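Asks: The chain contents come next:
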Amino acid sequence: MLNFLQQLRQLQAQAMGINRRNIQLIYPHNRRRDFHLADDKITTKSVLNKAGIACAETYAIVSSLADIPHTLEHLKVYKKIAIKPANGRGGGGIMILEQQSIGSGNWQKSGRPISPPQITKHLADILVGVYSLGSKDRVLIEYCIEPHPFFGEIYPAGVPDFRIILLKGEVIMSMLRVPTDRSDGKANLHQGGLGIGIDHQKGRLTKAYDGKSYYDHHPDNGNPINGRLIPLWEETVSLAIATAQAFPLEYLGIDIVLDAVLGPLIMEINVRPGLGIQLVNGQGLKQAVQSKFAIN
Amino acid sequence: MSPKNAYRQTIKLLVLGALFMMAWKAWSGYWQPSQFLPQSEYSVSFDYSIDSAQTNEALFVKTFLPTSNQHQTITSARVQSANFTFTQDRDETNILGEWRGAAQVPKQLHYDFNYQGRALRFHMSRQIAHPQLIPDSIKSYLEPSEYIQSDDPIVKALAIDLSANETKTNRVLKHFFDYVSDIPATQTSELTDALMTIKRQEASCNGKSRLLTALCRASGIPARPVGGLILENIQKRTSHLWMEAWVAGSWIPFDALNGHFAYLPAHYMELYRGDEFLIRRSPAMAFDYAFTIERSSRYDVTSAHSLSLWNLLQVGQMPVDVLKVILLLPLCALVVALFRNVIGLKTIGVFLPAIIAVSLDGVGLWYGILAYLLVVGCVGLLHFPMERWGILHTPKLVIMLTAVVLSLLLLSSFGWATGQPLFSMAIGFPIIVLTIAAEKFARTILEEGFADAVKLQFQTLILTLACYLVYQADFLLGFLLSFPETYLLVLALLLILGRWIGLRLNEFIRFRQLAP
Numbered sequence: 027m028l029n030f031l032q033q034l035r036q037l038q039a040q041a042m043g044i045n046r047r048n049i050q051l052i053y054p055h056n057r058r059r060d061f062h063l064a065d066d067k068i069t070t071k072s073v074l075n076k077a078g079i080a081c082a083e084t085y086a087i088v089s090s091l092a093d094i095p096h097t098l099e100h101l102k103v104y105k106k107i108a109i110k111p112a113n114g115r116g117g118g119g120i121m122i123l124e125q126q127s128i129g130s131g132n133w134q135k136s137g138r139p140i141s142p143p144q145i146t147k148h149l150a151d152i153l154v155g156v157y158s159l160g161s162k163d164r165v166l167i168e169y170c171i172e173p174h175p176f177f178g179e180i181y182p183a184g185v186p187d188f189r190i191i192l193l194k195g196e197v198i199m200s201m202l203r204v205p206t207d208r209s210d211g212k213a214n215l216h217q218g219g220l221g222i223g224i225d226h227q228k229g230r231l232t233k234a235y236d237g238k239s240y241y242d243h244h245p246d247n248g249n250p251i252n253g254r255l256i257p258l259w260e261e262t263v264s265l266a267i268a269t270a271q272a273f274p275l276e277y278l279g280i281d282i283v284l285d286a287v288l289g290p291l292i293m294e295i296n297v298r299p300g301l302g303i304q305l306v307n308g309q310g311l312k313q314a315v316q317s318k319f320a321i322n
Numbered sequence: 007m008s009p010k011n012a013y014r015q016t017i018k019l020l021v022l023g024a025l026f027m028m029a030w031k032a033w034s035g036y037w038q039p040s041q042f043l044p045q046s047e048y049s050v051s052f053d054y055s056i057d058s059a060q061t062n063e064a065l066f067v068k069t070f071l072p073t074s075n076q077h078q079t080i081t082s083a084r085v086q087s088a089n090f091t092f093t094q095d096r097d098e099t100n101i102l103g104e105w106r107g108a109a110q111v112p113k114q115l116h117y118d119f120n121y122q123g124r125a126l127r128f129h130m131s132r133q134i135a136h137p138q139l140i141p142d143s144i145k146s147y148l149e150p151s152e153y154i155q156s157d158d159p160i161v162k163a164l165a166i167d168l169s170a171n172e173t174k175t176n177r178v179l180k181h182f183f184d185y186v187s188d189i190p191a192t193q194t195s196e197l198t199d200a201l202m203t204i205k206r207q208e209a210s211c212n213g214k215s216r217l218l219t220a221l222c223r224a225s226g227i228p229a230r231p232v233g234g235l236i237l238e239n240i241q242k243r244t245s246h247l248w249m250e251a252w253v254a255g256s257w258i259p260f261d262a263l264n265g266h267f268a269y270l271p272a273h274y275m276e277l278y279r280g281d282e283f284l285i286r287r288s289p290a291m292a293f294d295y296a297f298t299i300e301r302s303s304r305y306d307v308t309s310a311h312s313l314s315l316w317n318l319l320q321v322g323q324m325p326v327d328v329l330k331v332i333l334l335l336p337l338c339a340l341v342v343a344l345f346r347n348v349i350g351l352k353t354i355g356v357f358l359p360a361i362i363a364v365s366l367d368g369v370g371l372w373y374g375i376l377a378y379l380l381v382v383g384c385v386g387l388l389h390f391p392m393e394r395w396g397i398l399h400t401p402k403l404v405i406m407l408t409a410v411v412l413s414l415l416l417l418s419s420f421g422w423a424t425g426q427p428l429f430s431m432a433i434g435f436p437i438i439v440l441t442i443a444a445e446k447f448a449r450t451i452l453e454e455g456f457a458d459a460v461k462l463q464f465q466t467l468i469l470t471l472a473c474y475l476v477y478q479a480d481f482l483l484g485f486l487l488s489f490p491e492t493y494l495l496v497l498a499l500l501l502i503l504g505r506w507i508g509l510r511l512n513e514f515i516r517f518r519q520l521a522p
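These protein sequence lines are chains A and B, in that order.
The working numbering puts the first residue of the first sequence at 27, with every later residue one more than the last.
The working numbering puts the first residue of the second sequence at 7, with every later residue one more than the last.
FYI, nobody ran anything at the bench for these hints, they're computed from the structure.
Heads up, some of the hints might be wrong.
[Stated by the list, open to error] Below 30 Å or equal to it, Euclidean Cα-Cα: the simulated DSSO-like pairs (lysine-lysine) are: (1) K135/A with K147/A; (2) K162/B with K180/B; (3) K352/B with K238/A; (4) K147/A with K446/B; (5) K402/B with K162/A; (6) K135/A with K352/B; (7) K402/B with K238/A; (8) K147/A with K162/B; (9) K238/A with K10/B; (10) K162/A with K162/B; (11) K446/B with K318/A; (12) K10/B with K194/A; (13) K76/A with K106/A; (14) K446/B with K162/A; (15) K135/A with K10/B.
[To be verified] So the derived label-pair ranges between C-beta atoms look like this: (16) V348/B with A183/A: 17 to 23 Å; (17) N249/A with L475/B: 52 to 58 Å; (18) N75/A with P522/B: 44 to 50 Å; (19) L471/B with L31/A: 26 to 32 Å; (20) E83/A with L501/B: 18 to 24 Å; (21) K18/B with R57/A: 25 to 31 Å; (22) K18/B with D60/A: 29 to 35 Å.
Quick caveat, the model's predicted, so the values are computed rather than measured.
Note that the Cβ used here is the ideal one computed from N, Cα and C, for glycine as well.
Based on the sequences and whatever the hints tell you, model everything.
Replies: Below, the structure written as structure tokens:
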């Protein structure tokens with residue numbers, strides 16, 4: 027019993043809960059009026075572009091139903107595009123389209139043809155707020171990432187991304203998120219993705235965590251993970267730090283992808299990054315913050 | 007002043023302010039639990055009419071009159087005598103009222119008053135030995151009487167049989183009570199005595215109460231019948247009989263007909279003790295009677311403190327149900343906040359549980375939850391075909407709202423058709439709230455999967471139950487009416503909760519792997 031209480035106290039001393047995160051990290055470091063800079067992907071990208079920070083090229087922005095026809099026409103010059111709600115959450119509403127021959131307008135979604143009315147319907151859904159909790163939204167259409175071959179060595183499908191948490195420009199903790207067989211191409215932890223801890227000083231992957239247990243290999247295919255050196259890690263971290271400096275927000279979860287050609291690109295930034303990263307790294311966020319800054 | 011200091015001072019001020027006001031009221035003698043919300047309040051009228059008389063002698067009508075005690079408060083008693091003289095005769099336990107006068111008919115006699123009742127639950131110690139030591143003053147309650155034949159060999163044998171080897175009074179009473187309760191109930195108004203009840207194995211309240219009394223007396227527990235009325239919002243002619251047994255200095259009530267063991271409901275009005283008749287009258291006359299009972303919403307606020315909210319309850323100011331919802335909503339919201347931030351429950355909407363709980367108050371707990379689940383489940387499923395057909399968001403929401411209205415109407419008509427009146431109350435549910443709940447349910451299924459959606463629904467129901475319990479606690483309402491400064495304490499508590507940085511209960515579980 028005493029032992030158990032001691033464990034609880036130690037857990038309390040290490041782990042970061044939602045209450046503490048909100049009161050000690052978010053409220054004092056992120057002003058609410060700046061939240062939209064992170065919540066709206068289009069706004070985020072305009073800040074990034076102004077600061078000259080690498081991110082996926084924007085192909086089109088759709089703000090009203092009237093924009094849809096000429097946007098669809100304009101998009102025919104691209105081979106592969108990503109359609110995203112500007113205010114979407116957790117990857118909801120993201121649609122990846124590809125055409126076999128540029129200019130044909132014969133788009134395919136996961137290998138199956140999709141008609142212009144179906145695409146229009148999806149764009150309209152985003153605009154009326156289906157993916158943004160009912161408030162009106164805009165559509166961001168951008169370059170679709172080609173994942174760096176490094177990721178193919180871990181899991182062949184989907185787009186893995188790094189999540190780096192920074193406080194006042196200092197890296198606190200980071201992880202790599204990789205899809206699994208049951209996550210349907212998505213890399214988010216609560217959608218069945220695999221989280222991989224990162225030793226950010228050494229730039230190496232550590233153990234993988236699937237929400238229940240820890241692995242040294244990808245649980246679906248046995249590819250080794252623990253100890254792998256991450257390519258372009260220093261560039262990735264500098265990009266994250268540059269991003270943190272470009273925003274008036276001091277506590278951030280920055281999502282970065284590694285493009286095969288373009289290298290690290292900022293995907294999105296979060297003002298309320300989730301707390302699951304502690305489990306992935308097997309380390310309490312409170313402890314990690316305390317090692318750099320004084321909080322009580 | 008630094009923000010941190012201002013925060014602390016604010017909390018201190020709120021707490022001290024509340025405590026000061028409470029202490030001041032208590033000091034000035036305001037602390038009187040009896041002023042808390044009465045559980046039952048009725049205006050009652052005994053109506054007697056004499057239509058004709060076959061004699062020239064003086065006529066009389068005698069009836070027992072209620073008196074105030076810890077269970078009931080009788081106020082504003084008025085008598086209408088119509089030229090009869092009216093006298094009251096008080097003995098140790100009862101008040102007997104009597105109208106008497108010359109045989110001039112017809113005559114209408116009334117005795118009306120206001121009744122406030124409090125339910126009483128008695129705790130019987132398990133330590134009290136059987137048989138008890140009986141003081142001389144109450145030995146008369148061991149004696150047999152005309153209809154309570156506790157000396158009859160059949161009664162005696164039954165008492166011995168039922169109480170065999172028991173050495174504790176509460177156990178003996180339980181055996182007697184269970185035996186009498188199990189005798190099938192009838193509606194007869196015929197006088198049934200203790201012995202007849204054993205022989206016929208069926209009885210109404212008077213037979214059962216006499217038998218229970220007889221069994222007690224036969225085994226040495228002093229006991230007496232209690233006569234009165236079960237107050238309901240109707241006009242009735244039936245009176246009720248239950249009984250009391252003397253246990254270690256207290257008279258404990260038992261009603262074997264309605265299953266009340268050591269419990270006296272708030273709406274049981276006591277009129278007399280002993281094996282009496284409620285009404286006695288001159289034989290030679292045509293006589294009729296009725297008890298007219300109305301649930302009243304009058305509150306005696308004359309003694310209310312000027313800094314309490316009881317005045318709001320004065321007639322016409324505010325219905326008590328509305329006041330209840332308004333007053334208890336902050337407390338429910340406090341419960342919601344505690345469950346969310348300390349335990350870590352997730353719910354559909356922040357205040358949805360509190361709002362559903364209010365609706366349950368009208369619909370009834372289990373029917374309400376069933377109706378809620380039916381509506382939210384079925385309407386939520388509509389989301390899926392519409393998603394497949396590609397229906398735009400706003401029309402989809404309106405379709406779901408329409409479906410909620412239709413299903414509530416269906417449930418209600420089903421309720422009326424099958425005589426399940428509680429289902430018919432389903433119409434009282436807030437429609438917009440149900441629509442949002444259904445939409446959110448469907449969206450959660452899509453985004454997080456069916457298991458998570460059900461989990462979310464389940465957590466919402468748990469919190470709804472917690473809020474419902476708050477709404478049901480009448481003493482809370484009474485306390486808030488007397489001491490509205492309690493809200494200052496609620497605010498202070500919320501301010502503290504608002505700066506509380508501890509791990510939530512569910513986070514201890516979620517992050518347990520981080521513990522060394």
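Asks: A separate judgement is required for each hint: does it hold in the structure or not?
Replies: Status of each hint after checking the structure:
This hinted pair checks out: K135/A and K147/A have alpha carbons roughly 14 Å apart, not beyond 30 Å. Straight-line distance between C-alpha atoms of K162/B and K180/B comes to about 17 Å, which keeps the hinted pair within the 30 Å bound. Distance hint between K352/B and K238/A is fulfilled; the C-alpha atoms sit about 21 Å from each other, no more than 30 Å. Distance restraint check for K147/A and K446/B: the Cα-Cα separation of roughly 22 Å lies within the 30 Å cut-off, and the hinted pair is therefore satisfied.
A hinted pair counts as satisfied when its Cα atoms are at most 30 Å apart, and K402/B with K162/A qualifies at roughly 16 Å. With a C-alpha separation of about 35 Å, the suggested pair K135/A and K352/B falls outside the 30 Å cut-off, and the hint is violated. For the proposed pair K402/B and K238/A, the alpha carbon gap of about 38 Å is over 30 Å, so the pair is violated. In summary, the hint linking K147/A to K162/B is not supported, as the alpha carbons are separated by about 87 Å, beyond the 30 Å threshold.
The suggested pairing of K238/A with K10/B is violated, with an alpha-carbon distance near 40 Å, which exceeds 30 Å. A threshold of 30 Å between alpha carbons decides the hint, and for K162/A with K162/B the separation of about 83 Å lies outside it, so the pair is violated. At roughly 41 Å between alpha-carbon atoms, K446/B and K318/A are farther apart than 30 Å, so this suggested pair is violated. Restraint check: the Cα-Cα separation between K10/B and K194/A comes to about 23 Å, which is no more than 30 Å; the hinted pair holds.
For the given pair, K76/A sits about 25 Å from K106/A by alpha-carbon distance, which is consistent with the 30 Å threshold. A threshold of 30 Å between alpha carbons decides the hint, and for K446/B with K162/A the separation of about 18 Å falls inside it, so the pair holds. Between the alpha carbons of K135/A and K10/B the distance comes to roughly 55 Å, so the proposed pair goes past 30 Å and is violated. For the pair V348/B and A183/A, the beta carbons lie near 41 Å from each other, so the given range of 17 to 23 Å is not met.
Checking the proposed 52 to 58 Å range against N249/A and L475/B shows it holds: the Cβ atoms sit about 53 Å from each other. At about 46 Å, the beta-carbon gap between N75/A and P522/B stays in the expected band of 44 to 50 Å. At roughly 30 Å, the beta carbons of L471/B and L31/A sit within the given window of 26 to 32 Å. Take E83/A and L501/B: their Cβ atoms lie about 49 Å apart, and the range 18 to 24 Å is violated.
At about 29 Å, the beta-carbon gap between K18/B and R57/A stays in the expected band of 25 to 31 Å. Checked against the hint of 29 to 35 Å, the pair K18/B and D60/A passes, with Cβ atoms roughly 34 Å apart.
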